[in-house]
Amino acid sequence: MNAITKRPSSLTQAQFHYCPGCGHSVVHRLVAEVIDELNIKDRAVVVAPVGCAVFADKYFDVDSIQGPHGRGPAIATGIKRAKPESIVFSYQGDGDLASIGMAEIVHAAARGENITVIFINNTIYGMTGGQMAPTTLVGQVATTAPKGRNEKLQGNPINVSEMLAQLKSAKYIERVSSDSAPNIIKAKKAIKKAFQNQLDGVGFSFVEVLSICPTNWGVTPLKGLEFLREKMIAQYPLGVFKDLTVANKEGK
Amino acid sequence: MPKIEVNETRCKGCQLCTKACPKQCIEISDTFSTTGYYPAKLAKQDCCIGCGMCFQVCPDIAITVFR
Ligand SMILES: Cc1ncc(C[n+]2csc(CCOP(=O)(O)OP(=O)(O)O)c2C)c(N)n1
Ligand code: SF4
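Read top to bottom, the protein sequences are chains A and B. Quick note on the working numbering: the first sequence kicks off at 1 and runs consecutively. Quick note on the working numbering: the second sequence kicks off at 1 and runs consecutively.
Keep in mind the hints are simulated off the structure, nothing from the lab. One or more of the hints may lead you astray.
[Said to hold, decoys possible] Here are the computed lysine-lysine pairs in the BS3-like style, where the Cα-Cα straight-line distance is at most 27 Å: (1) A/Lys-189 - B/Lys-44; (2) B/Lys-19 - A/Lys-231; (3) B/Lys-41 - B/Lys-19; (4) B/Lys-3 - A/Lys-193; (5) A/Lys-242 - A/Lys-192; (6) A/Lys-83 - A/Lys-6; (7) A/Lys-152 - A/Lys-58; (8) A/Lys-223 - A/Lys-193; (9) B/Lys-19 - B/Lys-44; (10) B/Lys-23 - A/Lys-58; (11) A/Lys-58 - A/Lys-186; (12) A/Lys-223 - A/Lys-41; (13) A/Lys-223 - B/Lys-19; (14) A/Lys-6 - A/Lys-41; (15) A/Lys-231 - A/Lys-83; (16) B/Lys-41 - A/Lys-193; (17) A/Lys-152 - A/Lys-193; (18) A/Lys-168 - B/Lys-3; (19) A/Lys-168 - A/Lys-147; (20) A/Lys-189 - B/Lys-23; (21) A/Lys-152 - A/Lys-189; (22) A/Lys-58 - B/Lys-44; (23) A/Lys-58 - A/Lys-83; (24) A/Lys-6 - B/Lys-23; (25) A/Lys-249 - B/Lys-44; (26) A/Lys-147 - B/Lys-19; (27) A/Lys-58 - B/Lys-3; (28) A/Lys-147 - A/Lys-41; (29) A/Lys-41 - B/Lys-44; (30) B/Lys-44 - A/Lys-193; (31) A/Lys-192 - A/Lys-152.
[Stated by the list, open to error] Simulated restraints, written as ranges between beta carbons of each label pair: (32) B/Glu-27 - A/Asn-156: 15 to 23 Å; (33) A/Ala-82 - B/Lys-44: 53 to 61 Å; (34) B/Asp-46 - A/Ile-100: 52 to 60 Å.
These numbers were taken from a predicted model, which means no experiment stands behind them. C-beta atoms are modelled at their ideal positions from N, C-alpha and C, and glycine is treated no differently.
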């Protein structure tokens, strides 16, 4: 009998510090498997965010830098431009990317930087204890919206993928989910494409992954998955919002 | 017969694998591990079909699937 599954070699042996069931852990595995499969471990650079994934550099066995809150896309821009042979990815949560870092992600996409961005949307600030994020659903409870997000007071969630897809220089934008084995397999395909695009010189590639934060939602991981499927996907439909991959491969 | 092995020091007892297994072969132990969680275990003999669904959903890469 043979093992048909293994820990990707682009992960260190360190135990993830994430909470039980957290979507970050699943996405770390997917990204590491993609790095293994594309054989880019020696060239990959992770830009870790501020948020629960702040220690991503402990887990990815690749070069790394941890940036100020929300500035990942700007840092990734600098690394990629200075060292074009590196394969640079910015890994960010929704507080990091869509609140304090909104300017950086929009402008990196507008400039069409040839970088890969992995965006974990769990509708909340995880690390700091469950404050409302721009992605928090209307009616969803957060410590800063104890009665639930009120459209009249706090407005509506920002659908980052749809928004970035409007920018001419963004090349590949997809939203996937980490809620089930089939969706996780699809998520990996999207992540692989977002890295392959960088290798092919396609340009700005962005994958949003819907994830659970059971701890700050105050539910069990299994209940969290139900919330993701029933509530989150209604606000954040899965799918490809933009794909100019073929048209933009270098040399075409 | 295919089987899974659960690394008890990595498993955090999140239970996601128990729902992902199409054959419901996985249950949660009633004794806790050295890390203080109630880990998953392959609860039924000759149940696993080696599909790897539990591996896909396991956040902590605690499951190895054998076939
Ligand atoms: C300049 C600055 N402002 C605020 C904070 C506090 N802070 C740390 S993490 C975080 C939000 C993280 O949320 P998110 O990006 O959604 O990631 P998650 O923890 O959910 O993965 C905030 C506001 C900080 N560290 N630095
Ligand atoms: S607080 Fe939320 S996002 Fe942070 S590790 Fe826990 S489950 Fe994951």
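Here's how the hints hold up against the structure:
Restraint check for A/Lys-189 and B/Lys-44: the C-alpha separation of about 33 Å exceeds 27 Å, so the hint is violated. Restraint check: the Cα-Cα separation between B/Lys-19 and A/Lys-231 comes to about 19 Å, which is no more than 27 Å; the hinted pair holds. Annotation: proposed proximity of B/Lys-41 to B/Lys-19 holds, straight-line Cα distance about 13 Å (limit 27 Å). A distance of roughly 32 Å separates the Cα atoms of B/Lys-3 and A/Lys-193; the hinted pair therefore is violated under the 27 Å criterion.
For the proposed pair A/Lys-242 and A/Lys-192, the alpha carbon gap of about 16 Å is at most 27 Å, so the pair holds. This hinted pair does not check out: A/Lys-83 and A/Lys-6 have alpha carbons roughly 31 Å apart, beyond 27 Å. The suggested pairing of A/Lys-152 with A/Lys-58 is violated, with an alpha-carbon distance near 41 Å, which exceeds 27 Å. At roughly 31 Å between alpha-carbon atoms, A/Lys-223 and A/Lys-193 are farther apart than 27 Å, so this suggested pair is violated.
A C-alpha spacing of about 15 Å is found between B/Lys-19 and B/Lys-44, which places the hinted pair at or below 27 Å, so the restraint holds. At roughly 35 Å between alpha-carbon atoms, B/Lys-23 and A/Lys-58 are farther apart than 27 Å, so this suggested pair is violated. As the CA atoms of A/Lys-58 and A/Lys-186 are separated by approximately 26 Å, the hinted pair is consistent with the 27 Å bound. Restraint check: the Cα-Cα separation between A/Lys-223 and A/Lys-41 comes to about 36 Å, which exceeds 27 Å; the hinted pair is violated.
At roughly 11 Å between alpha-carbon atoms, A/Lys-223 and B/Lys-19 fall within 27 Å of each other, so this suggested pair holds. With a C-alpha separation of about 17 Å, the suggested pairing of A/Lys-6 with A/Lys-41 holds against the 27 Å cut-off. With a C-alpha separation of about 42 Å, the suggested pair A/Lys-231 and A/Lys-83 falls outside the 27 Å cut-off, and the hint is violated. For the hint linking B/Lys-41 to A/Lys-193, the alpha-carbon distance of about 35 Å lies beyond 27 Å, and the restraint is violated.
Of the pairs offered as hints, the one joining A/Lys-152 and A/Lys-193 is violated, with about 39 Å between alpha carbons and a cut-off of 27 Å exceeded. Between A/Lys-168 and B/Lys-3, the direct Cα distance comes to roughly 49 Å. Violation of the 27 Å bound is thereby established for this hinted pair. With a C-alpha separation of about 39 Å, the suggested pair A/Lys-168 and A/Lys-147 falls outside the 27 Å cut-off, and the hint is violated. Pair hint A/Lys-189 plus B/Lys-23 holds up; C-alpha atoms about 26 Å apart against a cutoff of 27 Å.
For the hint linking A/Lys-152 to A/Lys-189, the alpha-carbon distance of about 38 Å lies beyond 27 Å, and the restraint is violated. In summary, the hint linking A/Lys-58 to B/Lys-44 is not supported, as the alpha carbons are separated by about 36 Å, beyond the 27 Å threshold. With a C-alpha separation of about 22 Å, the suggested pairing of A/Lys-58 with A/Lys-83 holds against the 27 Å cut-off. Straight-line distance between C-alpha atoms of A/Lys-6 and B/Lys-23 comes to about 22 Å, which keeps the hinted pair within the 27 Å bound.
The hinted pair formed by A/Lys-249 and B/Lys-44 fails the criterion: a straight-line CA distance of about 50 Å is larger than 27 Å. Of the supplied pair hints, the one linking A/Lys-147 and B/Lys-19 is violated, its CA atoms being roughly 31 Å apart against a limit of 27 Å. A C-alpha spacing of about 31 Å is found between A/Lys-58 and B/Lys-3, which places the hinted pair above 27 Å, so the restraint is violated. As the CA atoms of A/Lys-147 and A/Lys-41 are separated by approximately 46 Å, the hinted pair breaks the 27 Å bound.
For a cut-off of 27 Å, the pair hint linking A/Lys-41 to B/Lys-44 is broken: about 39 Å separates their Cα positions. Proposed proximity of B/Lys-44 and A/Lys-193 is contradicted: the alpha carbons are some 38 Å apart, above 27 Å. A distance of roughly 40 Å separates the Cα atoms of A/Lys-192 and A/Lys-152; the hinted pair therefore is violated under the 27 Å criterion. Between B/Glu-27 and A/Asn-156 the beta carbons are some 42 Å apart, a value that contradicts the proposed interval 15 to 23 Å.
For the pair A/Ala-82 and B/Lys-44, the supplied restraint of 53 to 61 Å holds, since their beta-carbon distance comes to about 56 Å. Look at B/Asp-46 against A/Ile-100: about 53 Å separates their beta carbons, and that is inside 52 to 60 Å.
Figure legend: structure checked against the earlier numbered hints; hints not met, in rising order: 1, 4, 6, 7, 8, 10, 12, 15, 16, 17, 18, 19, 21, 22, 25, 26, 27, 28, 29, 30, 31, 32.
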